[in-house]
Amino acid sequence: MTSDLHDSTTDLLVTPDQPDTESRLRLSTERATFLAKVSRTVGGSMQTDRAVDLILEMLVPEVVDWAQVVLREAGLLHCHATLAGGPVQHATVPAPREGTSTLSRVMSRGLRELSLIAMGPGATDNGALASAVPVPELRESVDSIRPADLLVIPLNARGRAFGALTLARRGGGGFDEDAVAFLEELAHSLAVTLDATRALADSRRVAGVLSRDLAPPSLPEMPGVRLATYYRVAFEHEALGGDFYDVHGDDDDWTAVVGDVCGKGVEAAVLTGRVRQATRTAALVDRSPARVLDLVNRVLVSEGEGTFVTALCARVRRRGEDLVMSVSAAGHPPPYLLRVSGGLERVAAEGTVLGLFDTHDYTETEVVLRPGDSCLFFTDGVLEAPGFEEQFGEARLHRVLTEAPRTDVNAVVETVAMSLAEHIGDRAHDDIAILGLQNVRDAR
Amino acid sequence: MNGPASDYFDAVSAGDRARAVALVDRLQQSGVTSLDVMTDVIAPVQTRVGELWACNSWSVAQEHAATAVSEAVLHVLGARIPTPSDLASPVVVSCVEQEWHALPALMVAEHLRSAQFPVSYLGANSSTEHLVRHVHHVAPRAVALSCSLSASLPRVRRQLEAVRATGTPVVVGGAAFDTEGRRAAALGATAFAPSGSLLPDVLRGLPSAVSPATPLVHDGAEEGLAVHADREEITLGLRQRISARCQAGDERAAWQSALFDHLPHLVGALAGALVAADRSILHEAVAWLDDVLRHRNGPDSITRTVVGDLRTMVREYPAATRLLSGLLG
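Residue numbers (our numbering), protein chains in the order written: chain V, 1189 to 1632; chain F, 624 to 952.
It is possible that some hints are incorrect.
[What the hints assert, rightly or not] DEER-style ranges, computed between Cβ atoms:
| no. | chain 1 | residue 1 | chain 2 | residue 2 | range |
| --- | --- | --- | --- | --- | --- |
| 1 | F | S653 | V | T1469 | 18 to 26 Å |
| 2 | F | D648 | V | H1586 | 31 to 39 Å |
| 3 | F | S818 | V | T1280 | 35 to 43 Å |
[To be verified] Here chain V is said to cover these stretches of chain F; the calculated rule only asks that three of the stretch's residues, wherever they fall, bring their Cβ under 8 Å from a Cβ of chain V:
| no. | segment |
| --- | --- |
| 4 | 631-641 |
| 5 | 680-694 |
| 6 | 744-752 |
| 7 | 757-768 |
| 8 | 800-813 |
| 9 | 855-866 |
[To be verified] A few chain V positions that, by computed beta-carbon distances, are all more than 10 Å from chain F:
| no. | residue |
| --- | --- |
| 10 | A1262 |
| 11 | P1275 |
| 12 | A1349 |
| 13 | A1384 |
| 14 | E1591 |
It should be emphasised that the hints constitute simulated quantities derived from the structure, not laboratory data. Keep in mind that this is a model prediction, so the values were computed, not measured. Where is the CB? At the ideal position from N, CA and C, for every residue including glycine.
Can you build the whole structure from these sequences, using the hints too?
Following this line, the structure appears as structure tokens:
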């Protein structure tokens, strides 16, 4: 699969006998091209093991006949090696004590070493070889090509060596001064790339832990209720956005909230985390949605950061086979009611955005969901979704909802999501969140 | 259709999700695997639903309601796939961006699970950004990308380019590909799986890391990407041309709304044929459109007229023009 990399006809390690300008120039050009190709190929991989395997596949057999990359991590040596024509082999061994082997010496000093190898029977027990290639199977593979020299080059970054590159050539072939200089250059560029990959893996792990709290939560199971969601962020590479939804409470008396904080990306997501938390706390004290919004507003105003949030908050209670819903809005598009009989209604709910004014004027609108009826909360990212000619808009949403199958709120949310995705195509868009809930008591 | 399939058909045609889920639950409790449920029950029923729509026996709404039930059932089955442990290097299974029918990808996931591969199932419509972020996150041994519609082939190219840039091998498969894997090779996939059951063998033969995809250089490749990028504009132009030809009374004819619904697919198939270097993609799409329109009493030469209109719309693209001229004879 890397055949496209092996198109070189010049041996990158052999300086021509007649060092005329033309052949020198050709060699330097080919070396530079190879270095560029290596960084291009390895640069995209953000996973260290995979990057190392790619490096080995590029080095063998184009440059050398056998290569090993060793990475030191927490008292262990992760060894990857490949022989021309074979797969990459992997093994992990405990790191030897400082200074007791060629490998550890190269890494602690940060300087390359060129060791002469004694050849012949029993060479696999050869101290020089064992000292540079700690894994017996990898030692056998390098011994099989009878190298004259082993070149061990440290992988240095940020002032220390985190690993080493070990190289060998077939049939007594060694490394002259010029070849060593080129390979050191290569090792340096590999070290920089690999180090970036390792640093990235660390920060990705930290970001992963932090974002778990900021991503939309998985929703609880409520008896007699079906919940469906759709969530799409503006900055997809960050996977976090300023829209949010949450559902919490008891089986027969609970709160659903959908909102949109100003801004996008991670900064917005941090604020959504605070708003969701404030909503949960407020709902514990008093589940009335107007009181919940009132409290959240006070929290945001007192923080005085000038950021604002729009939200819909609903208290949902079970009354016999019906669900009774009190809805309060804070500068947010009101929800749709989808009657199982086919009707489509807009809940009349309005109020001031959260976080800007010290108001207490949130009101509640009560609606009843009969068995089979659904309610759809959404953020204005739906209405403002950009299209080829125009935004998605109220009229289109109304039409899509009118035609959507009513039997299952999942199908409703999916239908809207499909129309949205088709409408948006590849255009940049705002965060989008949709939360649907359906009364499925006796709606078998 | 067999007994369970026929019961399942009744449930989806009634739009009854609870009955469909209960039926699948009963089958699983009696020892039928998820894979067999999908292969022997859901897949044949969905094929039948598609046929009923194509021959105009069912309305679009009926087809949507039935498909929504199956998608819900598949969602339930998908949620039952265990999340692999942190240590496993899973196979990421995903549908290409903007494809919503999860059935093929879910069947692939089940095939892999039964062959003891840890699976990270992304489901329908995974955006490129989401897919690449997930690849960085779980470091999979490979990505299996399912594509059912030939109009999505340019998106397959975009996604496999992005995934291969991370060094991760990409295996493609699905109804949008030919059985020999020529389209897959033209797009630059690491490998092609002719079926879900063959995927485990394909995966075992993959390298652990791959180099980035090389640029597409074949004749028409760039035009295909351009047509894909301009698909909305071209579709709109086609609609205007067709509307201008029709008399006012024809507006609500069944064939016309079916045609309008399918224009994006026709334009997409042209882009797909160019990007995947396979003219039969366009031939298949046109034959399908012709079939759909005939079942809805479309005018005799309507398909031909539409293909001619499309050729006019893309006249600045020589390879596209040649392809369409080939169809018009």
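Going down the list of hints, with the structure as the test:
1. F:S653 to V:T1469: 18 to 26 Å: For F:S653 and V:T1469 the Cβ distance comes to about 48 Å; the hint is violated.
2. F:D648 to V:H1586: 31 to 39 Å: Once the Cβ atoms are compared, 36 Å apart, the range 31 to 39 Å for V:H1586 and F:D648 holds.
3. F:S818 to V:T1280: 35 to 43 Å: 37 Å, holds
4. 631-641: holds (count 4)
5. 680-694: Contact hint for the segment 680-694 of chain F vs chain V: holds, 6 residues under 8 Å.
6. 744-752: As far as the segment 744-752 of chain F goes, the hint holds, because 3 residues have Cβ atoms under 8 Å from chain V.
7. 757-768: It holds: at least three residues are needed, and the segment 757-768 of chain F offers 3 whose Cβ sits within less than 8 Å of chain V.
8. 800-813: violated (count 1)
9. 855-866: Three-residue rule met by the segment 855-866 of chain F, so holds; n is 3.
10. A1262: Non-interface label on V:A1262 holds, nearest chain F Cβ at 16 Å vs cutoff 10 Å.
11. P1275: Label violated. Min Cβ-Cβ 8 Å, cutoff 10 Å.
12. A1349: Its Cβ never comes within 10 Å of chain F, the nearest being 23 Å, so this holds.
13. A1384: Fine: 13 Å to the nearest Cβ keeps V:A1384 off the interface.
14. E1591: Check fails; 7 Å does not lie beyond 10 Å.
Checked against the numbered hints given earlier, the structure breaks hints 1, 8, 11 and 14 and satisfies all the rest.
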